[in-house]
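Peer 1: Put together the whole structure using the sequences plus the hints.
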Amino acid sequence: MSRWDADPVSDHPINRPAPPPGTALLSGNRGALAGGVASALALTVAILLGSRNLDNFDVALLGYALGTIFLGFGIAYRSVLWVQSPAARRYLIRGWRALLRPGPNLPKSEIPRTVFSVLLLQRFIAERSKPRWLAHQGLFWGVISATLITFPLTFGFIHFRAVAGTESLYWIYVNGIRTVKIDALGIVGWLMFHGLNFSAVLVIAGAAWFLHRRWSERGNNLTQFGRDLMPLIALVAISVTGLALTVSSALMGGFGYQPLAFVHMCTVVLTLVWIPFGKFFHTVQRPAMIGVHLHKQATLASEGAINCRSCGAEMEGAVFVGDLQKTMSELGLDYSGWIETCPACKRIARGARYRDQVKAGF
Amino acid sequence: MRKKALFIDPGRCIGCQACVAACRECDSHKGRSMIHLDYVDPGNSAAAMPTVCMHCSDPVAPCAQVCPVDAIPVGNDGVVGTASPELCIGCGNCVHACPFGVPKLDVPEMLQYKCDLCYDRSSQGLLPMCASVCPTDALFYGTFDELQAKRPSAKAVDVFDFGNQSVVTGNALVAPAGAEDVIPGGYSVWNEFLETPA
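Those protein sequence lines, which keep their order, are chains A and B.
For the first sequence, the numbering used here gives the first residue as 1, with consecutive numbering after it.
For the second sequence, the numbering used here gives the first residue as 1, with consecutive numbering after it.
Straight-line distance between alpha carbons at most 27 Å, and here's what the computed DSSO-like set of lysine-lysine pairs gives:
{"#": "1", "chain 1": "B", "residue 1": "Lys30", "chain 2": "A", "residue 2": "Lys130"}
{"#": "2", "chain 1": "B", "residue 1": "Lys3", "chain 2": "A", "residue 2": "Lys359"}
{"#": "3", "chain 1": "A", "residue 1": "Lys130", "chain 2": "A", "residue 2": "Lys279"}
{"#": "4", "chain 1": "A", "residue 1": "Lys359", "chain 2": "B", "residue 2": "Lys4"}
{"#": "5", "chain 1": "B", "residue 1": "Lys150", "chain 2": "B", "residue 2": "Lys4"}
{"#": "6", "chain 1": "B", "residue 1": "Lys3", "chain 2": "B", "residue 2": "Lys155"}
{"#": "7", "chain 1": "A", "residue 1": "Lys279", "chain 2": "B", "residue 2": "Lys30"}
{"#": "8", "chain 1": "B", "residue 1": "Lys104", "chain 2": "B", "residue 2": "Lys30"}
{"#": "9", "chain 1": "B", "residue 1": "Lys4", "chain 2": "B", "residue 2": "Lys104"}
{"#": "10", "chain 1": "A", "residue 1": "Lys279", "chain 2": "B", "residue 2": "Lys104"}
{"#": "11", "chain 1": "B", "residue 1": "Lys3", "chain 2": "B", "residue 2": "Lys150"}
{"#": "12", "chain 1": "B", "residue 1": "Lys4", "chain 2": "B", "residue 2": "Lys30"}
{"#": "13", "chain 1": "A", "residue 1": "Lys359", "chain 2": "B", "residue 2": "Lys150"}
{"#": "14", "chain 1": "A", "residue 1": "Lys359", "chain 2": "B", "residue 2": "Lys155"}
{"#": "15", "chain 1": "B", "residue 1": "Lys155", "chain 2": "B", "residue 2": "Lys4"}
{"#": "16", "chain 1": "B", "residue 1": "Lys104", "chain 2": "A", "residue 2": "Lys326"}
{"#": "17", "chain 1": "B", "residue 1": "Lys104", "chain 2": "A", "residue 2": "Lys130"}
Now the stretches of chain A that chain B is said to cover, found in silico as 3 or more residues with beta-carbon under 8 Å:
{"#": "18", "stretch": "281-291"}
{"#": "19", "stretch": "312-325"}
{"#": "20", "stretch": "331-342"}
{"#": "21", "stretch": "345-357"}
Everything labelled a hint here was simulated from the structure, so no lab data went into it.
Every value quoted in this text rests on a predicted model; they were computed, and no experiment measured them.
Glycine included, C-beta positions come from ideal geometry on N, C-alpha and C.
Peer 2: This is the structure:
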């Protein structure tokens, strides 16, 4: 049996080795567990305070509230594991420092411009494909609007009380404080009470496009059900069952409302519980890394770039290269000097060595 | 278990760029070519160096290790994938940490892309696109036994020297029978350049 019959990477457990001693913020899963519990407790306290000791808490939404508390646990748990990686930790610190203390080398307008362009408008997706961008914007704004509507209601931060002596007027209470009065049958009231329906339409349109692509595009045999399809199916399930509740109450006299409400709650809670452990976690990672590009831009302006040690072409910023070298050292990658050579020169150097030393004169 | 690998023989490469064009046509590459074809000494020599991802196994995928958002997947079969589009933030860490100079970066798209062994094909038993069109078998995909059946004296080397660090890879370079077991990664080139008195 030759060496080539063996599996070259037998069973490496994950694609990231454990950080060397002393480099982790917290050691192992115990730290992640502690972070998760702290986050869940903080959310519970916020619900208690926001709902005035559960006075304004809607018991019908208990399932959603519990799902959200678990979501808080899961996101903190996964985040603590995530930042144990030297690269993630270093970039998070650098990025947030650039955001909070931009310094003289970063124009003031650059921070809002980056947040708007990357996080809200997501222009980088438009660069990949315009239809993809449109579909993602549907998903994004649908989910964001639904989150902004449902979370405060679920936690009891916002509730409505009928105005005495009227049929369609309601006071809106925020944290137990009476704010404004709305007419449920007026335009504003109608838009407000149907907000989740608009969210559902946006989400269904976006998810449908992505599902269509997953089914129809070439090379789709790499699609994985759990990783790629389930998130889309979950979003569609939430949206369709949510819309069905409106159809039931508005057009069918409430027929099947209770079972539908239960199914809808199940789809939402299962998705909430799953968010930290699947593809949806990118909704945490990408905003968390928003400052990285600002950091690179600011340090390039202040410290300058390094030049390839072979061809002299300008490469990345000196700070970026220095950071990467530190990261590589922490990971035990002992060739960090090599990154001061540009990728093309690395390839040509290897070819030259092969020609000179391995297969002379090829 | 992945018994098949790409065996790259730069000595056979005629620099025709067929691999570059074919890579672009892979269903999952969406019109991007992920292979590099460099001319080692243009103007003086026809020598060309095709570079695909070597799928590093020890240390496992440095590109994935330095990724701050876990965007680069490594399969249990050792294949190191291209960056996941929903995760990649386009920081460029992987581009510079790769000892072979493989990953490419599209800055406006904030997306890295690199050779993934045409995983939509190779996972189904098909040849990667580059190997399917290479007219001289400079890029040969198969088992080592299949390679030896064609080239009995060929030796496959999958250990590369980068100064203090040796890197073991999933793909291999083909070398003459008497060649060393470790192939220079090129790292010493600029070291020697720096040590040469002006």
